[in-house]
Every structure is written in structure tokens, then in C-alpha cells.
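Chemist: Spelled out from the first residue to the last, the chains are:
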Amino acid sequence: MTIKASLPRKIFLVCNTVFLLLIAFVCVAPFINLLAVSFSDKVAVEAGEVTFFPIGFTTVSYEFITNTSKFFVSLLISLKRVAIGVPLNLLLIIITAYPLSKSKTDFGARNIFSWFFVVTILFNAGLIPTYMVVRTTGLIDSVWSLVLPGALPVFSMLVVMNYMRSLPKELLEAAYIDGAGHVQTLLRVVLPVSLPTIATVTLFSVVDHWNSWFDGMIYMNHIENYPLQTYLQTVVVNPQEFMRNNTDLSGNLSKYLSLVSARTTGAAQMFLAMIPILLIYPYLQKYFTTGLVMGSVKE
Amino acid sequence: MFAALKRKDKLIRELPLYIMLIPAVVLVAIFSYGSMGGVIIAFQKFVPAKGMFGDQQWIGLQNFHTLFAMPNIGPVIRNTVIIAFCKMIAGIVVPVVFALLLNEVRHVLTKRMFQTLVYLPHFLSWVILSGILINVLSPTGGFVNVLLGKVGIQPIYFLGSPTAFPITMVVTDIWKGFGFGSVIYLASLTSINPALYEAAVIDGANRWKQTLHITLPGISSMIVLMTVLGLANILNGGFDQIYNMYSPVVYSTGDILDTFVFRLGIEQAQYALSTAAGLFKSGVSMIFIIVSYYLADKFTGYRVF
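These protein sequence lines are chains A and B, in that order. Residue 1 is where the first sequence starts when you use my numbering, and the numbers rise one by one after that. Residue 300 is where the second sequence starts when you use my numbering, and the numbers rise one by one after that.
I should point out that these hints are in silico values taken from the structure, not numbers from a laboratory. A portion of the hints provided could be inaccurate.
[Unchecked claim] So, partial list: chain B residues that the calculated Cβ filter (under 7 Å) puts toward chain A:
no.: 1; residue: V435
no.: 2; residue: V523
no.: 3; residue: V560
no.: 4; residue: S573
Cβ coordinates follow ideal geometry from the N, Cα and C atoms, glycine included.
Looking at chain A on its own, in the form it has when it is part of the complex:
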């Protein structure tokens, strides 16, 4: 549109920008505060002096984490979980979505299987029965308890399936006439053109595995097996736990206790746990708008 903006329009645009800036600030401010707290002196933090800049700049909280806590043990577990869980999710999404994307004439049992998976969205057995199944399968305290129960993210699978269904039929027929079987069609034709959607569900899968904490809490009996978010849940969200952990005062710990508080070390650990998300975030944003909207909402 090339009409000239009127005066009220200009006033609106300025106010709108200021308002949106304010909103954006509210979204980010807590994170800036977190970063400032993690680099600040314990006393200034407790007194509530720290807002957006560190006061009494110090890296002692980070030293404390590096030297004394189980942070890096749990970080490794989380990385392992992502490394196993995400490829597993993807594989199952793809090999499940492809058959279900076939029409009923091409795959007679399509609807039966579709309902088989969709029922799990509709009905959830709840906490205790799920826990008991995982225990019966002997997965407790193993990383497999974190990846196998959710190995097929049904919603993501439906997104990919809907996308595959929207592919032009001629494309698949051409492959069939050229003598390609299902496996070849999937690998050579369907997968390459489905990449944006698959990228979207990959990133969701990464975020999901990285952020999960509850399964770690119920399926892991020992704190050494906790993934990162579960570990953070116990030491950061419940600071009493922090104090309890510190009753076994070794020399190393007591050196730091006068310098750090649950607040400063908590902030430092939360900031470190955010870094992977911050790193993949630009890629996330590039894909999720197109990828998700394409697959889930058909107009």
C-alpha cells in the first residue's frame, strides 16, 4: 500500500512500537536479570540491588559449579538423552508417517493404524500405571526409560503425515512407474521434499528431550542418573535441597559457601542450561512457522 500515513496513523505507529518494545522487554528482562545475578556478589543479590547489571562482578558462582556440583554429570546424561532420543523419534516418525500417509486404496489398514496411534492422544493412563509399566520393563535408572516411552511423538508424526499426504500424487506415481518400491520412494522422493517439516519436528524433539524433567524425577532413583533439568529442579527450584546437599561439607565446599548463595549458583546453572536452546533458537525460528503451520492446519 502506498498511501501516505495520516497524522493519527503516525501517532499510532509510534505508540505501537513503544508498546511492543515494552512487551519484548518484559519477555527478556527476567533473563537479563538472571545473567546479572549469576555474575553478582552474594550480598548484593540478597539485598535486591541487582537488576540488569552485575553488582560486585565475580565468576565465583561458575567456579563453584565447576568444582563442586553434579551439574556436569547431569549435563552429560541430558546430552546422551538427546543423542539417543532425537534420532529414535525421527526414525519412528518417518517410518510411521509414511505408511499412514497412503490413501486407503494404497494401504487398506491405514485407518485402523491411524486410530491406534490417535487413541493415545485421546486417552492417557495417568501417572501410576505408566510408572509401573516402565518399572515392569526393567528400564528404571536407565536412559532408555527417558526415550522409549515417548519414542513416537504422535502429534509430530501427524504433522509429518499430513504434510506427506499433501504431496502431489503425480510425484509418487512417477516414482512407482520408474520401478521404485516403497522404501525407495520414501528415501529418494518423499524424504527430500519433506525436509522443512522434518526439520521442524526435529527441533521440537530436541527441545522436548532437553526440557523434560518429570520423567527423570520419577524413573531415576539416584541423583547421579538425573538429566540436567531434573537435577536443576531439585537443587534450584527447591533451595532447601541446596542447603541439605551442603551438609556434607568437604573442604572444597566450605571454601565457596561464604561467597555464593543458592540464588547466585542457581542463576548460573540455569543460565548454563539455557545455552543449548539459545544456540539452536535461530534455526528453530526459521523453520517452525512454515513447518508447523503447513502440517497441522489445513485450510
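Given chain A, put chain B in place with the hints provided.
Modeler: Same frame as chain A, now just chain B:
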């Protein structure tokens, strides 16, 4: 003869598809359907040592009677519905308004910058966000209360007072999700035919009138769809969020079905009772999901598959 041959041919053609489905079917059968079988303990006097499919004593609906005789079940259901309902309404209104305002920003880079900043909280876990919020909202030295203090407002116990807690839950939930919630509306805004706006300008409609008569109707089907699908979550108050931020002080207004089931099951080891509560929730939820999907299909043509 010929038909039989064709049938065999079809089976051979479909065989790879069946094979592809095996891994997912096996896993879902074990973990989802296996657990569904486990809900039978809601009808048993369950003794964990005998195992899930062991020789348990059947007691019919007695667990449900015990459950609904508990004095706090009423408030728990009320809290769940109130918190989820407020989240649902605010979760529609705020993203729509935000999308409309953002749509007025014509400068692409500025728009992108706003989006990047407001999407951020959505991708972080409630563990991290709760950790941050507990700090930031703390009445002792949390920076929100410090800022409020500067304009002369007494410290507010956002997480420690039964009146403030549910409001804090709704507001922080919106804070986490409104940016991401707006994605879908921004996408449907771009699909509105620009010719409509040009026609409106010729007819002398100002920007406000255009919003009212073109933009809003243009995205109304999406708003209806999101509202209807939101109904499915009316018993989901948000376990991750509430569990990480509540405390016994705010149980009266902040305890929801999921946190209640968790405390009953894991902390008090009342397996059968907890499962009964979970089954009640799942059953009602299922009805809401089916109804909302049906309505979504009827009003907007949305289908899951």
C-alpha cells in the same frame, strides 16, 4: 482365481508398509496401551508387592467413593477448571491482539526482532522458568518487587498468597506462551487477500475500520478453531508450572488435579486412589477432547488426520 491373485499381489505391495509400522506399534502397545491396562488398579485394593497384573482384590468403585469423599477434592477440581479456563481465554486474546499489533509493524527487521524476543520463553522448560520467576518475584530482593517498591507499592507475595497465586500462574503462563501462540495468527494474517484492503481504502475505511471489517473476520475461523481446541485442555491446569512454583501455603487455590494426583501417588504412595483420580481426569478429558475435535470439524473443517 484372478481376484485371489490380485489380493496376493496387493498384500505383497503393502507388506513393506506393515513392516515399517511394526516398531512404533510395538512401542506404543507396550507403553501406551500397557499403561491403559494398568488403570484396572483403580478398581482394586492394590498391593504393590503383588505386581500390576497380580492377584489383587477387586473392590469396584470404592476408590472413587473414597476419592470424592475427600474434603479437598472439590477445591482441587474448582482450581483446575478456573486456572485452565482463565489460561484458555487469555491465551486466545493476548496472542490475537499481539499478532494484530505486530502486523502493523511494516519494517521487516523490526518485526523479526520483536518475534525473536517474545518467542524465547516458550522454548525453555518450566523448571528453568520457575527458577527464574521464583527469584524475580521474590518479596525479598526479587527485582519485580524492588521496582514496585520504587514507585511506593508494598511487596506482593506473588507465589506465597492464595489470592495472588492463581493470577500469577495465569499471567506467567501467558508470558511464556503468547509469542508462540501468535505464530498461527500471524500466518493466517498473511493469507488475507490484499485486494480487500485496497477496496476498503477506496471506500474510505481507515486502519481501524479495516481491522474490524477485514482483518478480524479474516482470522476469525482460526480464532474459533483455537478456542474450540482449547476446550480439550480444560482439565489441564499446567502441572510443570504449578508443581515447580507452589507450596503448601497456596494449596487452597493452587492445587490442581495433576498436582493432587502426583502427591497422592508418589508422595503418599496411595497408588490405587491416585490412579482412580487420574482415571477420572483422563475420562473427563477424553470427552472434552472428542467433543472439541467434533466441534472443530463441524465449524472450521479441522481434522486431525
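Chemist: Would you mind marking each hint as holding or not holding in the structure?
Modeler: Against the structure, the hints come out as follows:
1. V435: Hint holds; V435 of chain B Cβ to chain A Cβ min 5 Å, cut 7 Å.
2. V523: It is violated, given that the least Cβ distance between V523 of chain B and chain A is near 13 Å, above 7 Å.
3. V560: 6 Å, holds
4. S573: Holds. Min distance 5 Å.
In the structure shown, a violation is registered for the earlier hint numbered 2 alone.
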